[in-house]
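Chemist: Fit chain B to the supplied structure of chain A, relying on the hints for placement.
Top line first, the protein sequences correspond to chains A and B. For the first sequence, my numbering gives the first residue as 60, with consecutive numbering after it. For the second sequence, my numbering gives the first residue as -19, with consecutive numbering after it.
It is worth saying that the hints were derived from the structure and are not from the lab. We put the beta carbon where it would ideally sit given N, CA and C, even for glycine. A portion of the hints provided could be inaccurate.
[As the list claims (entries may be wrong)] Straight line, CA to CA, 27 Å or less: simulated DSSO-like cross-link-like pairs of lysine-lysine:
hint: 1; chain 1: B; residue 1: Lys185; chain 2: A; residue 2: Lys290
hint: 2; chain 1: B; residue 1: Lys98; chain 2: A; residue 2: Lys455
hint: 3; chain 1: B; residue 1: Lys98; chain 2: A; residue 2: Lys453
hint: 4; chain 1: A; residue 1: Lys497; chain 2: B; residue 2: Lys286
hint: 5; chain 1: A; residue 1: Lys281; chain 2: A; residue 2: Lys210
hint: 6; chain 1: A; residue 1: Lys453; chain 2: B; residue 2: Lys286
hint: 7; chain 1: A; residue 1: Lys415; chain 2: B; residue 2: Lys98
hint: 8; chain 1: B; residue 1: Lys50; chain 2: A; residue 2: Lys496
[Unchecked claim] Covered stretches of chain B, going by a simulated chain A footprint (3 or more residues, C-beta under 8 Å):
hint: 9; segment: 62 to 72
hint: 10; segment: 85 to 99
hint: 11; segment: 195 to 208
hint: 12; segment: 281 to 289
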Amino acid sequence: MKKDISSLHVPHNKNTAGCEPVRIATPSEVILPMNMHSGHDAEPIVNVGDHVKVGQLIAREEGRFSSPVHATVSGTVVEIAPIPTASGKETIAIRIESDGKMEVSETVKPPVINDCASFLQAVREGGIVGLGGAAFPTWAKFNEATNPDYKVDTVLINAAECEPYITSDHRMMLAHPDLIADGIEYLRKYMNEYLGNATFKICIETNKADAIEVLKNTFADKDYVVIHELKTIYPQGAKQVMLYNATGRVAVAGRRFPSFGALIINVSSLAKMAEYLNTGMPIVERIVTVDGSAVENPMNLIAPIGTRVSELLKITGLKSNPGKIIIGGPMNGTAIYSVDDPIVKVANAVLAFDEKDAVLPEPSACINCGRCMEKCPVSISVADVARAMTVKDKDKMAKLLIQTGVRQCVDCACCNYVCPANRHLLQINWDAKAFLKKYAAEQKEGGNK
Amino acid sequence: MANLHVSSTPHIHQKGSSTRNIMLDVVIALIPATIAGVVIFGLSALWVILACVASAVLAEYVFNLCCKRKQTIGDLSAVVTGLLLALNLRADVPIWQCVVGSVFAIIVVKCFFGGLGKNIANPAITARVFMLLTFATTVGGGAAPVADLTASASPLVTLNQGAEAASSISLLTLFLGTHAGAIGETCVIALLLGFAYLVIRKVIKWYVPASFVATVFVCYFLFGGFDVVYSLQHVLAGGLLLGAIFMATDYVTTPATNLGRVVFCIGAGLLTFAIRSFGAYPEGVSIAILTMNLLTPFIADWTKNKTLGGVR
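Chain A extracted, bound-state conformation (with noise of 0.2 Å):
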């Protein structure tokens, strides 16, 4: 019997749990950034001074892998410039003063699908993103998956919402358990040549009991779909962590991820997914959870994407000034430079901490006491990786990381959370991945000179 991933108990300060969504008033404008997804950037295809309507598309897919950016408000394009990001490079970001009719786009309606290449052609015109964080294009992730090389017989529905916080998965299951039934259907039906014999495992831990309920019920009937509990544990929502809870197989760094037999979605990501599918209507609006130790009374509030982050505040009211504006969850989110940041497809929450939350202690020396190992959900050597990335010989260092095993790190945060000394051991750990990867083809370079 295989042991569980278990790393660590965060305070989980779901305090929004209870809290139906809130569909806010239009707001007066949107911004909307065309690096709302992984890959490249969306090119605008509309000018200023054009008028747009709801789920219009305004920006198309620029690149291998990019995805479309549509009108979330209808109104007028007033400007297209470009904006910082919290990576320090800045992107072309469109901004839509709203005419507060919301009309929608006669553009907006089912797209027509027959077979696998068009349903992934139509999640591709959807803007349908990995909605979890990472915000990969999800007709790629489906588009892996027919490889003939893999054969996936589990499809992992990550409903862990294992961030502390976030509520706004948790409180769309509740509403729309029809809609990731749909999706499951889609899925089912369009990819039955390489998921019809699939599991589906909606992943969900166990202090979401009321989306449990929901969920059984809605499956009860369907055999293929098996509702997972898992402990409520950080990081469950990692997808090396869940794939190996829910099915045991164990993630190896640098395959992609259907090799392993399985597809993993977000449940927001799938839900989404079908309402496109359902209606022709894209990803314009979400559910963000608001709170933090700032806000006077965290909500979940339903947003069109590009909606500014001040804008939600306005109706949650602050207790006091923001030090710090996450937009995510407070292990893996985005610090952002501004209140005026619009919010992005990914923002499921919209953290705001006030001045004495905003700045961690100060890193200190490490005193070897071997927690960040400890908790690290798949046991890196983490403290080693920072004294193998002090060695001067390239070859050496390169070694040195790999027998550390940071290759397969989650990027969950965990060893930097529990460090007594609070050493960046996360952004260790990235600056380690990144040089193996370059080391790595800088290696294939030479060999074949």
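Modeler: Relative to chain A, chain B alone:
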């Protein structure tokens, strides 16, 4: 609105997790043994403790000042070093010798190697061994407890005189600690209280010191004629518990994985038995731990975690 802080993930940190809090927990865990030491050995024990702690902290402060380094006395590690050194000394050690030992521990053993986290040997233990060699007449052996000035020989010495002499030592005396020895090593009950506190606070794993103590016990049981009482006397007399609970669990100078720490402790247990049985000194814990400190990098290399899905 004011400027926002922007930083990399994670944005939260485990509450109460800091080097200072770990050191504070160790200090708290040492309080019962400290009090017991003062009660058993009198006020002179208190002077030794104060001298060691004060000079350790001052030494680190001055060193950081001279080297223009960031001040680190706030992490309380110097307090732990000073306190541990004091508890390893007799109550009648001259104060100037305490100061020399403390300064040696902090400056030579810790700061010269790069400060907390970089030292390869436990500062308190190394300083004690240094003092044992330098001030052999005053540091070796044990001071008599104030209540009973006649029993001046440390029970370890008595134990080594043979089975007959050993029968004169009662287990109750060992538990209460009312016998000759170093300030903090004699009172077993106080040490076990500290042990329980550290385990509850998750600073140490119970099986790490336990493997040290068990190794020593098993050795004496196997080679001492399968005598439970005799083996227990060896475990409880001398510095074994103090060393096992507080020094063999020092994060910095032991391997980082729990498996590595157990290997470390078994090695230290075997060495303790060997030194006590065949060496010139009645006590072997300090030298055993110090030796294992030097082997730590190798043990750490052999006992690394196996990464899930990783290639070794």
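Chemist: The structure should be examined with respect to each hint, and the outcome stated for every one.
Modeler: Structure-based check of each hint:
For a cut-off of 27 Å, the pair hint linking Lys185 of chain B to Lys290 of chain A stands: about 24 Å separates their Cα positions. Distance hint between Lys98 of chain B and Lys455 of chain A is fulfilled; the C-alpha atoms sit about 22 Å from each other, no more than 27 Å. Straight-line distance between C-alpha atoms of Lys98 of chain B and Lys453 of chain A comes to about 24 Å, which keeps the hinted pair within the 27 Å bound. Taking the CA atoms of Lys497 of chain A and Lys286 of chain B, the gap is about 25 Å. The hint holds against a cut of 27 Å.
With a C-alpha separation of about 22 Å, the suggested pair Lys281 of chain A and Lys210 of chain A falls inside the 27 Å cut-off, and the hint holds. Distance hint between Lys453 of chain A and Lys286 of chain B is fulfilled; the C-alpha atoms sit about 24 Å from each other, no more than 27 Å. Proposed proximity of Lys415 of chain A and Lys98 of chain B is contradicted: the alpha carbons are some 32 Å apart, above 27 Å. Proximity of Lys50 of chain B to Lys496 of chain A is assessed by CA-CA distance (about 36 Å); at most 27 Å being required, the pair is judged violated.
For the segment 62 to 72 of chain B, the assignment as covered by chain A is violated, since 0 residues bring a beta-carbon within under 8 Å of that chain's beta-carbons and 3 are needed. Against chain A, the segment 85 to 99 of chain B contributes 4 residues with a C-beta closer than 8 Å to a partner C-beta. That satisfies the three-residue criterion, and the hint holds. For the segment 195 to 208 of chain B, the proposed coverage by chain A is not satisfied: 0 residues have a C-beta within less than 8 Å of a C-beta in that chain, short of the threshold of three. Given a C-beta distance limit of less than 8 Å, the hint that chain A covers the segment 281 to 289 of chain B holds, as 6 residues qualify and 3 suffice.
Violation of the numbered hints given earlier is confined to hints 7, 8, 9, 11; the remaining hints are satisfied by the structure.
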